[in-house]
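Quick one: dock chain against chain with the hints and give me the complex.
Protein sequences appear in the order of chains A and B. Residue 426 in my numbering sits at position 1 of the first sequence, and the numbers go up by one each step. Residue 1299 in my numbering sits at position 6 of the second sequence, and the numbers go up by one each step.
Hints are computed from structural coordinates only; laboratory data are not their basis. This structure is a prediction, so every number in the text was calculated from the model and none was measured. Just so it is clear, CB atoms sit at the ideal spot from N, CA and C, and this is done for glycine as well. Take these hints with a grain of salt, some might be off.
Stated by the list, open to error - Covered by chain B, according to a simulated footprint, are these stretches of chain A (three or more residues, beta-carbon under 8 Å):
#, stretch
1, 485 to 491
2, 498 to 508
3, 529 to 537
As the list claims (entries may be wrong) - Subject to a maximum C-alpha distance of 16 Å in a straight line, what follows is the list of computed EDC-like cross-link-like pairs (lysine to aspartate or glutamate):
#, chain 1, residue 1, chain 2, residue 2
4, B, Lys1334, A, Glu430
5, B, Lys1334, A, Asp432
6, A, Lys492, A, Glu428
7, B, Lys1334, A, Glu470
8, B, Lys1334, B, Asp1378
9, A, Lys467, B, Asp1331
10, B, Lys1333, A, Asp432
11, A, Lys495, A, Glu428
12, B, Lys1337, A, Glu430
13, A, Lys467, A, Asp508
14, B, Lys1345, B, Asp1363
15, A, Lys481, A, Asp491
16, B, Lys1337, A, Glu428
17, B, Lys1333, A, Glu430
18, A, Lys492, A, Glu470
19, A, Lys427, B, Glu1351
20, B, Lys1360, B, Asp1331
21, B, Lys1364, B, Asp1331
22, B, Lys1345, B, Asp1378
23, B, Lys1360, B, Glu1375
24, A, Lys492, A, Glu430
25, B, Lys1333, B, Asp1378
26, B, Lys1312, B, Glu1375
Each chain is listed here by its residues.
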Amino acid sequence: QKEVEQDPGPLSVPEGAIVSLNCTYSNSAFQYFMWYRQYSRKGPELLMYTYSSGNKEDGRFTAQVDKSSKYISLFIRDSQPSDSATYLCAMNLEPPGNQFYFGTGTSLTVIP
Amino acid sequence: DTAVSQTPKYLVTQMGNDKSIKCEQNLGHDTMYWYKQDSKKFLKIMFSYNNKELIINETVPNRFSPKSPDKAHLNLHINSLELGDSAVYFCASSQDPPGTSGAYEQYFGPGTRLTVT
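Chain B on its own, in the form it takes in the complex (with noise of 0.2 Å):
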């Protein structure tokens, strides 16, 4: 009964190629995100998904897309991929709005370990 879960864990695949990662929450949140975290460990917000709108789309390149069939899902699709897409990428949900944890409180899956060759 794991909360956010996260599909595959680990990619590796050649540049130019397009894949895609999916996400799930069993939390019954309103609000998804994805996350990059690079080598140095920083997690740099991309996209944020409150019941299957988009509400933040960070800087990146338009290469990665997100789509969100329903609340509880939120899959990301990176077309061309290139060597600087490797990273880590995280999945998060939250509560919005504020229930009794508040929405300052974000639940991370397991990440996917991105690796261009």
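Bound-form chain A, shown alone (with noise of 0.2 Å):
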């Protein structure tokens, strides 16, 4: 069982939709919870990262740790063409090593 699970999808949008992105994890040592987004042949890009539980939010895009569920996710507002991607989750410990553990991504399209 791999440590952190992620569907794969694809998932396939209509442009204005919300967006809801999951990942599971086994681990409870882990404390830093990021997601990464990737554009078609180009490298992973940080989108946010969240310490422990809660909700973090930054414009169109909020990420939501529930620890005692092992569950992330990442919620997408009025969907948009741009957002068409992979979005990984990741995850890292407490203190942070050097080892981020990610999910293997899912494929996301926003039809306009």
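Dropping the structure here:
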């Protein structure tokens, strides 16, 4: 069993929809939770990170962490065609080490 | 002024050849990484270097050898290439110890798409 599980999709939504992307994990020692966005044929870029449980909002993006359920989510409001990408979750321990644990990524397409 | 750069971007070679991929970061970070991304987009860490010292060496064949001439560079040399080595290889860097952005933030290069025929 992988330490981080993510539904690979693909996920296809109409423009303007609310998108929910999720990851589950098995290691309760994870404390840092990241979401990366990867456009086709590009490297991943960090979208958001959160520490421990709770919510974090940045524009149209909201990251949620539920440590009791070992479940994290990324919500995208008013989705745009430019949001079409693969979204990867990643996690790190406390204190943060040099080993990042990635999910397999969810492919998202936003249809105009 | 690219933060993390890799060369080449594409690499097509035959089985049995030896090849190298170069990586440079101009962010002043102390830690650099090599990842392999397979066709299913799964990112698997291969190596991590901190200030030119190897700190993570996941289970990869010893045909793969990282070399860090200085903390801004981490090159990946691959001997006797095999079909299964075909993938996209990403270099990344992060700050260590954590600065204002924290050790949890990695910056990735654009990737090198390796195809072994």
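Hints and how they fare:
| no. | hint | in the structure |
| --- | --- | --- |
| 1 | 485 to 491 | violated (count 0) |
| 2 | 498 to 508 | violated (count 0) |
| 3 | 529 to 537 | holds (count 3) |
| 4 | B:Lys1334 to A:Glu430 | holds, 13 Å |
| 5 | B:Lys1334 to A:Asp432 | holds, 12 Å |
| 6 | A:Lys492 to A:Glu428 | holds, 14 Å |
| 7 | B:Lys1334 to A:Glu470 | holds, 14 Å |
| 8 | B:Lys1334 to B:Asp1378 | holds, 14 Å |
| 9 | A:Lys467 to B:Asp1331 | holds, 14 Å |
| 10 | B:Lys1333 to A:Asp432 | holds, 12 Å |
| 11 | A:Lys495 to A:Glu428 | holds, 11 Å |
| 12 | B:Lys1337 to A:Glu430 | holds, 13 Å |
| 13 | A:Lys467 to A:Asp508 | holds, 14 Å |
| 14 | B:Lys1345 to B:Asp1363 | holds, 6 Å |
| 15 | A:Lys481 to A:Asp491 | holds, 12 Å |
| 16 | B:Lys1337 to A:Glu428 | holds, 12 Å |
| 17 | B:Lys1333 to A:Glu430 | holds, 13 Å |
| 18 | A:Lys492 to A:Glu470 | violated, 24 Å |
| 19 | A:Lys427 to B:Glu1351 | holds, 15 Å |
| 20 | B:Lys1360 to B:Asp1331 | violated, 22 Å |
| 21 | B:Lys1364 to B:Asp1331 | violated, 27 Å |
| 22 | B:Lys1345 to B:Asp1378 | violated, 25 Å |
| 23 | B:Lys1360 to B:Glu1375 | violated, 20 Å |
| 24 | A:Lys492 to A:Glu430 | holds, 15 Å |
| 25 | B:Lys1333 to B:Asp1378 | holds, 14 Å |
| 26 | B:Lys1312 to B:Glu1375 | holds, 11 Å |
When each numbered hint is compared with the structure, violations occur for hints 1, 2, 18, 20, 21, 22 and 23.
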